[in-house]
Amino acid sequence: MTTHRVSAFLAPRRRLRLAGLLTAPVLWLGLVYVVALSALLVTAFWTVDELTGQVQIEWTTENVVEVVTEALYRTVTLRTLGIAALVTVIDVLIAVPVAFFMAKVAGPRLRHLLVIAVLAPLWASYLVKVYSWRALLSSDGIIEWVLSPFGLHTPGYGIIGVVLALSYLWLPYVIMPIYAGFDRVPDRLLEASADLGGRGWRTLTAVVLPMIRPAIIAGSIFAFSLSLGDYITTGIVGGTTQMLGNLVYTNVGAANNLPLAAAISLIPIGIILVYLAAVRRTGALRSL
Amino acid sequence: MQLGRAARWVLGGVTAVVLALIYLPLGVVFLNSISTSESLSWPPPGFTLEWWGRALQSEGALHALGTSVLVALVASAIALVLGTLAAMALSRHRFFGKESVNLLIVLPIALPGIVTGIALNNAFRTIVGVQLGVWTLIVAHATFCIVTVYNNAFARLNASGTRLEEASMDLGAGLFTTFRLVTFPRLKSALLAGGLLAFALSFDEIIVTTFTAGPGVTTLPLWILQNMFRPNQAPVVAVIAVILAVVSVVPLAIAQRLTAKDAQAVSR
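From first to last, the protein sequence lines are chains H and S.
Start counting the first sequence at 0; every next residue gets the next number (numbering that gives the first Met the number 0).
Start counting the second sequence at 0; every next residue gets the next number (numbering that gives the first Met the number 0).
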């Protein structure tokens with residue numbers, strides 16, 4: 000009977016009900032995530048004792064200045080941005096026709112099969128997929144075996160390898176939101192467009208693409224941000240290539256310099272926040 | 000949509016080629032799991048079932064599998080509760096700061112894993128002052144899993160509208176009864192899909208895991224990372240990957256079937 004009383008008490012009180020719903024998730028994300036992230040950002044302005052290797056609470060802008068002024072960080076940032084942008088473009092270009100076929104051309108039975116076929120590789124360990132790219136790209140791998148009769152060679156381990164492997168890894172994450180986006184476009188609209196004389200191409204550019212723009216942006220957030228922070232793929236198929244993630248990782252691990260690592264992290268955090276702010280108005284965050 | 004026969008064939012062809020490319024590396028992993036070559040040279044010099052036998056007896060792998068399942072289950076359960084609450088708040092209420100709450104939910108997955116990883120590692124050790132262990136790992140995973148549940152639940156709540164809930168309340172059902180008998184049944188399959196995604200996300204995560212798991216805690220991805228480059232273990236790792244990919248088809252197929260059916264019923 001107490002649930003009845005609580006229910007009767009809450010029913011006319013919207014604010015209280017809202018508070019009841021929001022308290023737990025906001026507290027969790029606030030206490031766990033916002034606090035941790037803020038602490039990390041603050042650490043960027045501290046320093047490390049060179050003798051003991053301990054983080055010292057001594058305010059300095061040294062780390063941030065180093066990250067902003069040294070050529071190494073500029074080069075690696077540009078390289079990372081280039082790789083992330085290229086991976087995003089490749090994935091979107093592949094995902095749009097595939098998702099369109101899945102949602103609007105394939106029959107219901109084939110559609111179910113295709114969704115499963117696209118999602119299943121997500122479960123085959125990320126690491127194993129990267130490792131299989133290491134095998135594909137190696138000098139006695141399948142790419143070399145296929146290309147060598149034509150006088151061509153495998154790109155080997157390097158930036159091209161990283162772009163190929165990352166595009167491969169994030170493709171399902173890009174296909175799924177775009178597929179959902181196409182799926183939400185009612186067939187009625189397409190028929191209406193056709194009735195009004197719109198040919199396939201016209202319908203696509205004037206009706207469908209504007210409607211799935213948020214879905215495409217949602218997909219791009221995945222590919223872009225997952226690429227931006229990656230250091231494991233770079234380590235396995237990148238040869239000596241370094242991305243921002245590698246610099247952060249080295250400074251947390253081997254160099255034991257958390258403040259400098261935190262200062263470097265400001266770069267990808269800044270890039271992502273700008274990206275999110277730019278796409279916020281499109282409603283893409285809700286299609287993730 | 001009015002599409003020419005040629006356009007349909009082109010789209011179908013592109014899809015077929017892309018799927019073939021998606022499965023090529025997985026096929027290579029499968030061949031590696033039965034190849035006599037330990038370094039995955041192509042073409043495979045011969046075939047053996049030795050690695051499958053070894054993988055099924057590998058205590059390290061089985062133990063890591065158990066840890067991964069436990070972490071993923073608890074993290075998804077927490078994400079299910081928090082994600083559903085947040086989705087109900089944001090889909091059924093208007094309030095100041097709504098956009099910020101939305102951003103707060105998305106942020107842990109949108110920021111690079113290594114940033115989330117070192118931030119949580121630092122917070123656990125210096126602010127909270129706890130030893131890293133299995134619980135720190137679960138808390139970290141639950142945090143970035145909330146968004147998958149939230150998005151699925153939010154989309155479904157928006158699509159199904161509030162009319163039925165209002166009708167239920169008008170007919171005298173309380174808040175909890177309405178949730179139990181009206182809202183939840185319509186939400187169920189979306190939650191299943193979101194929960195499954197959260198499970199998959201947690202199960203395969205390696206970067207945040209590297210920074211938030213205690214020294215004695217080995218999840219399957221950590222085990223794979225430790226063993227991948229050992230000469231005798233690489234094919235065993237391939238076996239595990241093949242098993243995971245094949246086993247995953249079952250829950251995926253069930254979830255896909257349920258959500259497709261429900262989504263149609265709800266939007267009708």
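Note that these hints are calculated values from the structure, not bench results.
Take the hints with a grain of salt, since some may be wrong.
[What the hints assert, rightly or not] To give an idea of the interface, some chain H residues facing chain S are shown, with a C-beta separation under 7 angstroms as derived from the structure: (1) 1; (2) 3; (3) 38; (4) 93; (5) 96; (6) 100; (7) 102; (8) 116; (9) 118; (10) 119; (11) 124; (12) 130; (13) 238; (14) 239; (15) 273.
It should be emphasised that the depicted structure is a prediction, and the values quoted were computed from it without experimental measurement.
Each residue gets a CB set at the ideal place from its N, CA and C atoms; glycine is no exception.
Against the structure, the hints come out as follows:
1. 1: violated, 11 angstroms
2. 3: Holds - the Cβ of residue 3 (chain H) comes within 7 angstroms of chain S, reaching about 6 angstroms at its closest.
3. 38: holds, 6 angstroms
4. 93: holds, 6 angstroms
5. 96: holds, 5 angstroms
6. 100: holds, 4 angstroms
7. 102: violated, 10 angstroms
8. 116: Hint holds; residue 116 (chain H) Cβ to chain S Cβ min 6 angstroms, cut 7 angstroms.
9. 118: holds, 5 angstroms
10. 119: holds, 5 angstroms
11. 124: holds, 5 angstroms
12. 130: holds, 6 angstroms
13. 238: Result: violated, 15 angstroms to nearest chain S Cβ.
14. 239: violated, 17 angstroms
15. 273: violated, 12 angstroms
Violated hints for the displayed structure, listed by number in ascending order: 1, 7, 13, 14, 15.
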